[in-house]
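Chains as they are written, first to last, in this note's numbering: chain G, 1 to 617; chain P, 1 to 409.
The hints are simulated quantities; they were obtained by calculation from the structure and are not laboratory data. All values derive from a computational prediction rather than experimental measurement. Note that beta-carbon positions come from the ideal geometry of N, C-alpha and C, so glycine has one too. Treat the hints with care, since some could be wrong.
Here are the computed distance ranges between Cβ atoms for each label pair [said to hold, decoys possible]:
#, chain 1, residue 1, chain 2, residue 2, range
1, G, 552, P, 309, 36 to 42 Å
2, P, 85, G, 559, 51 to 57 Å
3, G, 541, P, 13, 57 to 63 Å
4, P, 85, G, 187, 44 to 50 Å
5, G, 559, P, 34, 46 to 52 Å
6, P, 342, G, 544, 38 to 44 Å
7, G, 559, P, 13, 57 to 63 Å
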Amino acid sequence: MRHFPIIVIGGGHAGVEAACVAARMGLHVALVTMDATKIGAMSCNPAIGGLGKGHLVREVDAFDGLLGIAADAGAIHYRMLNRSKGSAVWGPRVQADRRLFGAAVRERVASEPTLEVIEGEVAGLRIEGGKVRGVSLADGMQLACDAAVLCTGTFLGGVLFRGEERFEGGRIAEGAAARLARQLRDASLPLARLKTGTPPRLDGRTIDWARLAVQPSDPDQWTMSPLSKERVNPQVFCAMTRTNSRVHEIIRANLSRSPLYSGAIDAQGPRYCPSIEDKIDRFGDRDGHQIFLEPEGLDTPLVYPNGISTSLPVDVQEAFLRAIEGLEQVRVAEPGYAVEYDHVDPRSLDRSLQMKDLEGLYCAGQINGTTGYEEAAAQGLVAGLHAACRIAGRDEPGLDRANSYMAVMVDDLTLHGVSEPYRMLTARAEYRLRLRANNASSRLTPLAIQAGCVSEARRRRFEAREEAREALQLALGRERSPSEMRTLGFAATDDAGRQPLGDWTRYPGIDLTRLAEVGLVPRETEHGLHSEVAEDLHYAPYVARHEAELRELRANEKIALRPDFPFHEVPGLSNEMVERLSRTRPQSLAQAGRVPGITPAALAALLVHARKHVAAA
Amino acid sequence: MAIIRISGPGSGRALNVLAGRLPNSRQASLRQIRDPQAGWLDEALVLWFPGPSSATGEDCAEIHCHGGRAVIRAIENSLAGLGLRQAEPGEFTRRAFLNGRMDLLEAEALGDMLSAETELQRAVLASSAKGHASNEVAHWREAVLSASAAVEQELDFSDDDQDGIAPTPGWCSDARRVAEEMAAWLAVPPAERLREGLRVVLAGPPNSGKSSLFNAILDEAAAIVSPIAGTTRDAIERPVAIGGVPFLLVDTAGLRDEGADEIERIGISRAGQELARADVVLWLGPEGEGPSGVIEVASMMDAAVWAPKGEGSLAVSAVTGEGLPELMSRLSAVGRDRLPKPGQVAVSRRQKQRLETARLQLLEAAEVEDLLIAGEALRQARHALDAMLGTVGTEDMLDSLFGRFCIGK
Ligand SMILES: Cc1cc2nc3c(=O)[nH]c(=O)nc-3n(C[C@H](O)[C@H](O)[C@H](O)COP(=O)(O)OP(=O)(O)OC[C@H]3O[C@@H](n4cnc5c(N)ncnc54)[C@H](O)[C@@H]3O)c2cc1C
Numbered sequence: 001m002r003h004f005p006i007i008v009i010g011g012g013h014a015g016v017e018a019a020c021v022a023a024r025m026g027l028h029v030a031l032v033t034m035d036a037t038k039i040g041a042m043s044c045n046p047a048i049g050g051l052g053k054g055h056l057v058r059e060v061d062a063f064d065g066l067l068g069i070a071a072d073a074g075a076i077h078y079r080m081l082n083r084s085k086g087s088a089v090w091g092p093r094v095q096a097d098r099r100l101f102g103a104a105v106r107e108r109v110a111s112e113p114t115l116e117v118i119e120g121e122v123a124g125l126r127i128e129g130g131k132v133r134g135v136s137l138a139d140g141m142q143l144a145c146d147a148a149v150l151c152t153g154t155f156l157g158g159v160l161f162r163g164e165e166r167f168e169g170g171r172i173a174e175g176a177a178a179r180l181a182r183q184l185r186d187a188s189l190p191l192a193r194l195k196t197g198t199p200p201r202l203d204g205r206t207i208d209w210a211r212l213a214v215q216p217s218d219p220d221q222w223t224m225s226p227l228s229k230e231r232v233n234p235q236v237f238c239a240m241t242r243t244n245s246r247v248h249e250i251i252r253a254n255l256s257r258s259p260l261y262s263g264a265i266d267a268q269g270p271r272y273c274p275s276i277e278d279k280i281d282r283f284g285d286r287d288g289h290q291i292f293l294e295p296e297g298l299d300t301p302l303v304y305p306n307g308i309s310t311s312l313p314v315d316v317q318e319a320f321l322r323a324i325e326g327l328e329q330v331r332v333a334e335p336g337y338a339v340e341y342d343h344v345d346p347r348s349l350d351r352s353l354q355m356k357d358l359e360g361l362y363c364a365g366q367i368n369g370t371t372g373y374e375e376a377a378a379q380g381l382v383a384g385l386h387a388a389c390r391i392a393g394r395d396e397p398g399l400d401r402a403n404s405y406m407a408v409m410v411d412d413l414t415l416h417g418v419s420e421p422y423r424m425l426t427a428r429a430e431y432r433l434r435l436r437a438n439n440a441s442s443r444l445t446p447l448a449i450q451a452g453c454v455s456e457a458r459r460r461r462f463e464a465r466e467e468a469r470e471a472l473q474l475a476l477g478r479e480r481s482p483s484e485m486r487t488l489g490f491a492a493t494d495d496a497g498r499q500p501l502g503d504w505t506r507y508p509g510i511d512l513t514r515l516a517e518v519g520l521v522p523r524e525t526e527h528g529l530h531s532e533v534a535e536d537l538h539y540a541p542y543v544a545r546h547e548a549e550l551r552e553l554r555a556n557e558k559i560a561l562r563p564d565f566p567f568h569e570v571p572g573l574s575n576e577m578v579e580r581l582s583r584t585r586p587q588s589l590a591q592a593g594r595v596p597g598i599t600p601a602a603l604a605a606l607l608v609h610a611r612k613h614v615a616a617a
Numbered sequence: 001m002a003i004i005r006i007s008g009p010g011s012g013r014a015l016n017v018l019a020g021r022l023p024n025s026r027q028a029s030l031r032q033i034r035d036p037q038a039g040w041l042d043e044a045l046v047l048w049f050p051g052p053s054s055a056t057g058e059d060c061a062e063i064h065c066h067g068g069r070a071v072i073r074a075i076e077n078s079l080a081g082l083g084l085r086q087a088e089p090g091e092f093t094r095r096a097f098l099n100g101r102m103d104l105l106e107a108e109a110l111g112d113m114l115s116a117e118t119e120l121q122r123a124v125l126a127s128s129a130k131g132h133a134s135n136e137v138a139h140w141r142e143a144v145l146s147a148s149a150a151v152e153q154e155l156d157f158s159d160d161d162q163d164g165i166a167p168t169p170g171w172c173s174d175a176r177r178v179a180e181e182m183a184a185w186l187a188v189p190p191a192e193r194l195r196e197g198l199r200v201v202l203a204g205p206p207n208s209g210k211s212s213l214f215n216a217i218l219d220e221a222a223a224i225v226s227p228i229a230g231t232t233r234d235a236i237e238r239p240v241a242i243g244g245v246p247f248l249l250v251d252t253a254g255l256r257d258e259g260a261d262e263i264e265r266i267g268i269s270r271a272g273q274e275l276a277r278a279d280v281v282l283w284l285g286p287e288g289e290g291p292s293g294v295i296e297v298a299s300m301m302d303a304a305v306w307a308p309k310g311e312g313s314l315a316v317s318a319v320t321g322e323g324l325p326e327l328m329s330r331l332s333a334v335g336r337d338r339l340p341k342p343g344q345v346a347v348s349r350r351q352k353q354r355l356e357t358a359r360l361q362l363l364e365a366a367e368v369e370d371l372l373i374a375g376e377a378l379r380q381a382r383h384a385l386d387a388m389l390g391t392v393g394t395e396d397m398l399d400s401l402f403g404r405f406c407i408g409k
């Protein structure tokens, strides 16, 4: 039987990141997936990034992951969302040509010398003595491993719904992983169901584009990954249209035929990504909802109508589409549908995304109750990285809520669980001012280098950038008097006093670009460095206020709670708290404090008990 | 009559053993109390409150027995025999807090109220203990949550997503309004003042009659028997209640009468310190020569040579007691004015600090242009309010966000 230190199951966005990061760390990895040509497939919207999600892309990229570079390789439309607001919430987003994106992912997968792709359906896990030992494939093949990473997306027990129709499947025209789901249920893994949906795909040749407003790609040349030197594809327009009262009437009249309303689906879908049925039912007073018509690629006429995910019957989909301006003659290439699937209760996972009760089994991606490529990719990276660290005997990278959105997500998932598909939002990150998309590399690449998962090229680039930063910071630390500033042409009054150059940037008319022009600071050689440092300066006073909070957080993070910590023995905890803590099993006092319903008083009681335990042990 | 309260998971069993069987929950029943070994102890009313909807959040029981010491002791012994122990001071309150039956503000106020010695202390703290203060804070927290939700909506959903949804107006003015309401609380003296009492310092040159007046007032006022440890620092301080208002009377005379030069000097400087710390100064010296803001008192009315002082002053004789009732009622009026009043919320100094943080952050949020900083300031304000109540949560903010808006694609 062949043995791999790590086997990754599922070649979606989570699976490829998990497999590649472990391979970059030098481990032999098998990536087992149903259809190797579907590696890198985008199930839904052909777009990468967005608010909160763009941060995740940049963080995955900081670890030398695939997502950012593949997004640039496929990008046919760039848009920086939220540009009117503070840069900590800017959301870089691209629309990608599906084919080019998938090809770029497969190319990266193929280029990893220690990564082997095995086509097949995993039908079961081999579990011995509470540990994962290997997997068995539907065709009978057996593989042995030290760790397995489950990245099966919407395929576990997947059922598709469209009007009155039902199909078993994980995505349209792709079979579900029914056998694996059955085994996991039998092994009493904590599974639950969620649902999501996708809109119909339209034939762009039947859309009356001339009547619609268009949105061009951003003209300035930013990219998703700082390693992508430039934009490689021709850029295309998106167009906008909206629903109207006729559309709403048609939908309302047919609500009972939607599986969401007929009771066929009762799993919870994402509140922030409602189906058009939901939008019209819940927010009936609105007279129209915006739709973005997004091209799916350069050499395909397919168009993705963003904003009208639906599982209404095909005839209703066609009827309401044709009531929309510009779509009067539209042909539906592939109707929309909803999918209901099994997910693992993420509270059964620890912060490395390993199952607490099943050593060697990691879970990442939509299987953990999230939604979105970026969320999936980031979890794949976290799981693959930790699994590889464990097997290679390396220290885990110190990811926490104060240094990454990735850790915020993993922490939220494993401590709160999910009641609807989890999507990244900047509001989830309490230390948002320090977690910007444009400083992801500065925050995380040092950790990535330490973990040994970045290429030589990225390491060199990073070091060059750090050198430039040091020179810049040195210059900004030098004190300058008001008269010096005036000599150089800046408006400065004497009452400002002598102060470091960095502080002078708070005054109107003084910024890094102008300072570089007069030679007070080095010119920008590293793209984006000046704006990153300028923002660091801008937010510094606010970031400083976090310090006390962070000290407490990190101190509490160090107070470990054993996996078998006897919560029921702690005096003063209510039954409900004992139950929640026992189910979630936080690994530290800080984590316990983030379990919903745990009060500071309860935390104090836990602390006392934890200390007693340590003393007794 | 005596009431023995039992809390904790063993309550049901204990009541079962002593009273034969559990009564219906929350209904008083008359039972014979028997110890398994010692036999019949008493006839008593017993009550059974299953958790979590009990005072402490745990299973609770009450035995209303006859008040004789022997009876109480016997029942306590029997309970101890069942593995129960006496509650520590404040333990019921602490457990109620731990189990989420009470928040921090309520718990603090209850603790203070239970040790209240004057009517004013009790009246002010009772409303906080009953949760009125917490309700108000919860109200503010609600307002801050909505403001946060409005800001986060702006931040977390791009202009494209928000199509047609006007940004929630008015969160800025809401934040300012809440900050103003907080300022009103902050203007109330801290709750500790109720416990410590208003410092009334008797001052004046030597032999102006301070000590005799001090003693006369002490005779007239109700002594507070068990001063909270640490409030009375030396022999010249006395906690008293005048007209239901707590005071701490300070006689600076004691400091002057020590004799030796060295001690005299220290004494003088201490008298100076006392004057600086005083809330009310009764000035017995020549009119107008005391520090500003004093109550002028023309003492020793009974003396051969005596002159009244000007308008608003008091005249008093420690010997005959003449003028003393007027002095007392003046003090109690001043006290009622300067201490938290019933109906006002008095919070501890620590809580006031948190409140002040919240207030400043709200003002900053309403002021700044960068929404991100507004979001951060609102988060800090929420954090401070959470700390006041002893609760925490970003999840609440998200719920409030999603409950109100149709967001996303
Ligand atoms: C209908 C639909 C609608 C969606 N709507 C949205 C949306 O509105 N917004 C949004 O953000 N995201 C949406 N998504 C989600 C987005 O596509 C996923 O979040 C993301 O692709 C999850 O990545 P993943 O790696 O976890 O899984 P996937 O991308 O689903 O990949 C899973 C992979 O595992 C393979 N696999 C599964 N089981 C086995 C097995 N037993 N053996 C071998 N291989 C196996 C599959 O073949 C597949 O390649 C939607 C997805 C679908 C299907």
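Now for the hints, and whether the structure bears them out:
no., hint, verdict
1, 552(G) / 309(P): 36 to 42 Å, "violated (57 Å)"
2, 85(P) / 559(G): 51 to 57 Å, "violated (29 Å)"
3, 541(G) / 13(P): 57 to 63 Å, "holds (58 Å)"
4, 85(P) / 187(G): 44 to 50 Å, "holds (45 Å)"
5, 559(G) / 34(P): 46 to 52 Å, "holds (48 Å)"
6, 342(P) / 544(G): 38 to 44 Å, "holds (42 Å)"
7, 559(G) / 13(P): 57 to 63 Å, "violated (35 Å)"
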